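Let the sequences and hints guide you as you build the complete structure.
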Amino acid sequence: TGVSSGNHLWFSEDGEESHCWFVTPKDQPLGGKPEAAIAKCVSAARWPWEATGWTVCGKSHRFVPAPNMQFQLVLPAAELTVRIEAPISLRRRSSRADAGAEGRAPG
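In my numbering, the protein residues as written are 19 to 125.
Think of the hints as simulated: they come from the structure by calculation, not from any bench. Bear in mind that the values here come from a model prediction, so they are computed numbers and not experimental data. Heads up, a few of these hints could be off.
[Stated by the list, open to error] What follows is a list of derived Cβ distance ranges for each label pair:
#1 C75 - D32: 16 to 24 angstroms
#2 P85 - N25: 27 to 35 angstroms
#3 P94 - E53: 17 to 25 angstroms
#4 P94 - S36: 29 to 37 angstroms
Cβ atoms here follow ideal geometry from the backbone N, Cα and C, with glycine treated the same way.
Structure representation (C-alpha coordinates):
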(Lines of atoms letter the chains of each structure in order from A and count residues from 1; the text may use other names and numbers.)
(Lines give C-alpha, C1' and ligand atoms only; values in the text may rest on other atoms or scores of the structure.)
Protein backbone atom coordinates (compact mmCIF):
# COMPACT_ATOMS: atom_id res chain seq x y z
CA THR A 1 0.00 0.00 0.00
CA GLY A 2 1.10 3.55 -0.52
CA VAL A 3 -0.01 7.06 -1.22
CA SER A 4 0.54 9.09 -4.34
CA SER A 5 3.74 11.04 -4.09
CA GLY A 6 2.76 13.47 -6.81
CA ASN A 7 5.20 11.91 -9.28
CA HIS A 8 4.28 11.75 -12.96
CA LEU A 9 2.93 8.52 -14.40
CA TRP A 10 2.94 8.38 -18.18
CA PHE A 11 3.00 6.02 -21.16
CA SER A 12 5.29 6.03 -24.19
CA GLU A 13 5.13 4.18 -27.48
CA ASP A 14 8.40 5.70 -28.71
CA GLY A 15 12.04 5.12 -27.93
CA GLU A 16 14.10 2.06 -27.15
CA GLU A 17 11.48 0.60 -24.84
CA SER A 18 8.32 0.94 -26.87
CA HIS A 19 5.05 0.49 -25.04
CA CYS A 20 6.37 1.42 -21.64
CA TRP A 21 4.86 3.00 -18.53
CA PHE A 22 7.13 5.42 -16.66
CA VAL A 23 7.08 7.07 -13.24
CA THR A 24 9.24 10.19 -13.18
CA PRO A 25 9.86 12.73 -10.40
CA LYS A 26 7.45 15.64 -10.16
CA ASP A 27 10.28 18.11 -10.80
CA GLN A 28 10.72 16.63 -14.31
CA PRO A 29 8.36 17.61 -17.14
CA LEU A 30 5.52 15.21 -17.87
CA GLY A 31 6.52 12.84 -20.64
CA GLY A 32 10.07 14.14 -20.40
CA LYS A 33 13.20 12.07 -20.20
CA PRO A 34 12.68 8.32 -19.75
CA GLU A 35 16.18 8.13 -18.27
CA ALA A 36 14.86 10.19 -15.33
CA ALA A 37 12.43 7.38 -14.49
CA ILE A 38 12.24 6.07 -10.95
CA ALA A 39 10.03 3.15 -12.01
CA LYS A 40 9.01 1.63 -15.31
CA CYS A 41 7.09 -1.25 -16.81
CA VAL A 42 7.46 -2.52 -20.36
CA SER A 43 3.85 -3.31 -21.15
CA ALA A 44 1.23 -2.55 -23.76
CA ALA A 45 -1.44 -2.47 -21.02
CA ARG A 46 -3.97 0.25 -21.62
CA TRP A 47 -4.00 1.35 -17.98
CA PRO A 48 -1.14 1.33 -15.45
CA TRP A 49 -3.19 -0.74 -12.98
CA GLU A 50 -3.36 -3.49 -15.62
CA ALA A 51 0.43 -3.53 -16.13
CA THR A 52 2.58 -6.17 -14.46
CA GLY A 53 6.34 -6.56 -14.26
CA TRP A 54 7.26 -3.19 -12.78
CA THR A 55 10.90 -2.38 -12.07
CA VAL A 56 12.23 0.36 -9.82
CA CYS A 57 15.45 2.32 -9.91
CA GLY A 58 17.98 0.91 -7.50
CA LYS A 59 21.64 1.64 -6.85
CA SER A 60 23.74 2.98 -9.72
CA HIS A 61 20.52 3.75 -11.64
CA ARG A 62 19.96 0.06 -12.38
CA PHE A 63 16.41 -1.19 -12.47
CA VAL A 64 15.47 -4.12 -10.27
CA PRO A 65 12.22 -6.12 -10.30
CA ALA A 66 9.45 -4.96 -7.96
CA PRO A 67 7.03 -7.90 -8.10
CA ASN A 68 4.63 -6.38 -5.54
CA MET A 69 4.42 -2.97 -7.19
CA GLN A 70 1.04 -2.12 -8.61
CA PHE A 71 -1.28 0.80 -9.20
CA GLN A 72 -4.89 0.95 -8.16
CA LEU A 73 -7.62 3.26 -9.29
CA VAL A 74 -8.81 5.29 -6.29
CA LEU A 75 -11.65 7.73 -6.68
CA PRO A 76 -10.70 11.11 -5.26
CA ALA A 77 -12.40 12.46 -2.19
CA ALA A 78 -14.22 15.72 -2.75
CA GLU A 79 -12.15 18.67 -1.67
CA LEU A 80 -13.18 22.27 -1.72
CA THR A 81 -10.83 25.13 -1.03
CA VAL A 82 -12.30 28.56 -0.55
CA ARG A 83 -10.16 31.67 -0.32
CA ILE A 84 -11.55 35.04 0.55
CA GLU A 85 -9.86 38.28 1.27
CA ALA A 86 -10.68 39.51 4.73
CA PRO A 87 -11.57 43.20 5.06
CA ILE A 88 -9.08 45.45 6.78
CA SER A 89 -9.41 44.93 10.50
CA LEU A 90 -10.75 48.00 12.27
CA ARG A 91 -9.54 48.76 15.75
CA ARG A 92 -12.14 47.89 18.33
CA ARG A 93 -13.40 50.86 20.28
CA SER A 94 -13.04 50.79 24.02
CA SER A 95 -16.06 49.66 26.03
CA ARG A 96 -16.48 53.22 27.35
CA ALA A 97 -16.72 54.58 23.80
CA ASP A 98 -19.22 51.80 22.93
CA ALA A 99 -21.39 52.71 25.93
CA GLY A 100 -21.41 56.37 24.93
CA ALA A 101 -22.28 55.53 21.34
CA GLU A 102 -25.25 53.43 22.40
CA GLY A 103 -26.93 56.37 24.12
CA ARG A 104 -26.64 58.73 21.15
CA ALA A 105 -29.38 59.21 18.63
CA PRO A 106 -28.50 58.25 15.09
CA GLY A 107 -27.23 61.28 13.29
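Right, here's what the structure says about each hint:
For the hinted restraint 16 to 24 angstroms between C75 and D32, the CB-CB distance of approximately 20 angstroms keeps it satisfied. The hint said 27 to 35 angstroms for the Cβ distance between P85 and N25, and at roughly 20 angstroms that hint is violated. The supplied range of 17 to 25 angstroms is broken by P94 and E53, whose beta-carbon atoms lie about 31 angstroms from each other. Under the hint 29 to 37 angstroms, the C-beta atoms of P94 and S36, about 31 angstroms apart, fit the expected range.
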